[in-house]
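Student: Sequence lines, in order, name chains Y and D.
The numbering of the first sequence is my numbering, which starts it at 1 and goes up by one.
The numbering of the second sequence is my numbering, which starts it at 1001 and goes up by one.
Take these hints with a grain of salt, some might be off.
[Said to hold, decoys possible] To spell it out: a stretch of chain Y is covered by chain D in this simulated footprint if at least three of its residues, at any positions, have a beta carbon under 8 Å from a beta carbon of chain D; those stretches are: (1) 93 to 104; (2) 134 to 143; (3) 173 to 179.
Honestly, the hints are just simulated from the structure, not real lab data.
Source: prediction; values computed, not measured.
The beta carbon of each residue, even a glycine, is placed where N, CA and C say it ideally should be.
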Amino acid sequence: MTKLIITVLGKDRPGIIARVSQDLFDLDCNLENVNQMILQGQFAGFFIAEAPASLTPETIQDTLARKSNGNGLSIYVRVLDPADTAAADGELFLITTIGPDQKGLVARFSGIIADYNANIVNLKAVFKGGTDPNANVMIYQVAITQAVDAQGLFAALRKKAEQLSLDVRIQHKNIFDAINKI
Amino acid sequence: MFEDHEIISTIEMVKNENLDVRAVTLGVNLFDCISHDLSRFKENIRKKIIGHAGQLVDVCDRVGEKYGIQVVNKRISISPIALVGAGFTPDQMVEIAVTLNDIARTVNIDFIGGFSALVEKGMATGDKALIAALPQALAETQRVCASVNVATTKAGINMDAVFEMAQAIKKAAELSREDDGLACAKLCVFSNIPQDMPFMAGAYLGVGQADAVINVGVSGPGVVKRAIERNLANGPLTLGKIAEIIKRTACKVTRVGELIGREVADTLGIKFGVVDLSLAPTPTVGDSIGEIFQALGLSHIGVPGSTAALAMLNDAVKKGGAFASSHVGGLSGAFIPVSEDLNIANAAEKGFLTIEKLEAMTCVCSVGLDMVPVPGDITEHSLAGIIADEMAIGMINAKTTATRIIPVPGKKAGDKVHFGGLLGEATIMDVPHLDLKDAFVTYGGRIPAPIHSLKN
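From just these sequences and the hints, can you work out the full model?
Tutor: Below you can see the structure in the form of structure tokens.
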């Protein structure tokens, strides 16, 4: 068996998940994980599946592409090394910025996070412009391992936020669990 | 990952609604410090308290920073000094208070509580010495808090102690005349005092507790008020629905307190005790119990309907908090301290809240007549009468009640008084018949414990 990651991109519409999962089933693939999201009407889906050893990734990609031909979907299949599937370690912090929209915000903040070698495990950014303070928000979920200079990272993020007139909050994930989850 | 609104609303609570942890209080048992020799006793308590509390402020600040929730006050509660220092004279008790004040300064905490005695059924030598020492001990120190429990539901009310406490309060006020009787802001008289309370001035570490323990007092009146307002903005609600909103909000606030308290306890290697579910206000706009009353549709705290509103608020806070944490204790309810809550102080100044209505409201709130400035010329008899009335409410209803009354020397009803910091400021409340010298409170003895059946 070979572990594969299948990425599906295209304009969102009913039936994309049904189409792809049926095709994978027909190819005797076993689904392990599926995740999807929709951004401004565009669908992005990730399927992790075990495929029979007799099928190459190219065969699967060709088959899926042929079957969804005409639906405007872009499909990519890649072999997944089991060693690469371990979850990121470290403590999770949420870094939230709220404030005026301007070009390069994500590039600047993610650049600082990368400089300190911290890993972004989830990111949501919404920039609607306007005067509503909550309309321009970035929410980074970042894994901070022992090796990361957390104080240095947080100080650098706060400094950058101040330069850009953004309100930044850096809080351990558990506080959001405590308040929002029961 | 969380929903955007969950993250934004959490941030709003901290940023605009004053969500914080009001107090992390380290309880330290001092029974193993006992010595007949005063200097050895002082050395023992210094060593033990600093040994446990040396890192307290630092750890609270670090944990607060990690979660983005400020721990506003770091405090220490200790075993009752009347017990652990039972062999000492009043003068020596004052020396102990000065040592405690110095220890508090060393570990950088604002208050240390436990200069206390438990005298509901009678006074032992140590209790007498401590009560005699109270005025001077409180006037000479800034960070020492004292409490004396004079009543319980099972013992009744020790009326000798009530009158002695009225005398001690008057004397403490006089000794701190320059500061408007500030010494009395650090002195509570209790009925049914809890052993694990993190809030000052009444915090002490009870005899049934662990050697060292972390108790947490949450805050959050601003969060409750905004939750009510937000929901009412979407259309009218019944009071049942509003109670549900308060309950859910109290649940969230409590979980924050427990998370932070447990992490502080784990980091210090100390047992976690309880979360006290009290809604504790500060003298800041937006962090007020009085404003919750206005959100509930009452023009001011103290007007007709206030006792019912407080009953609902207090009960909903307890229900939400009890669900959120398996270790709940202390006072757990809504505080209505006059000078510490800007809105309550204003209601008192404008005459919407009178001392009689305040007393009625304490029947359903978690504490009592708290931070109430009264004219300095109130007689010991009238003061003792007010204390006895408040103790009776606690005794009969099997709940904690307390008084923290400040007779402000040289000032009259309507005059302003400023205590500073979290103790706030207020207008001195009018006390009808404050010049009486009625004999009732001088008869002494004990008002017997109440019957526990035939409740009506």
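Student: Confirm or reject each hint.
Tutor: For each hint, the structure was consulted:
Counting residues of the region 93 to 104 of chain Y whose CB falls under 8 Å from any CB of chain D gives 3; the rule of at least 3 is met. Three residues within the 8 Å Cβ limit are the bar, and the region 134 to 143 of chain Y against chain D gives 4, so the coverage statement holds. Counting residues of the region 173 to 179 of chain Y whose C-beta sits closer than 8 Å to any C-beta of chain D gives 5, which meets the bar of three, so the coverage hint holds.
Every hint from the earlier list agrees with this structure, and none is contradicted.
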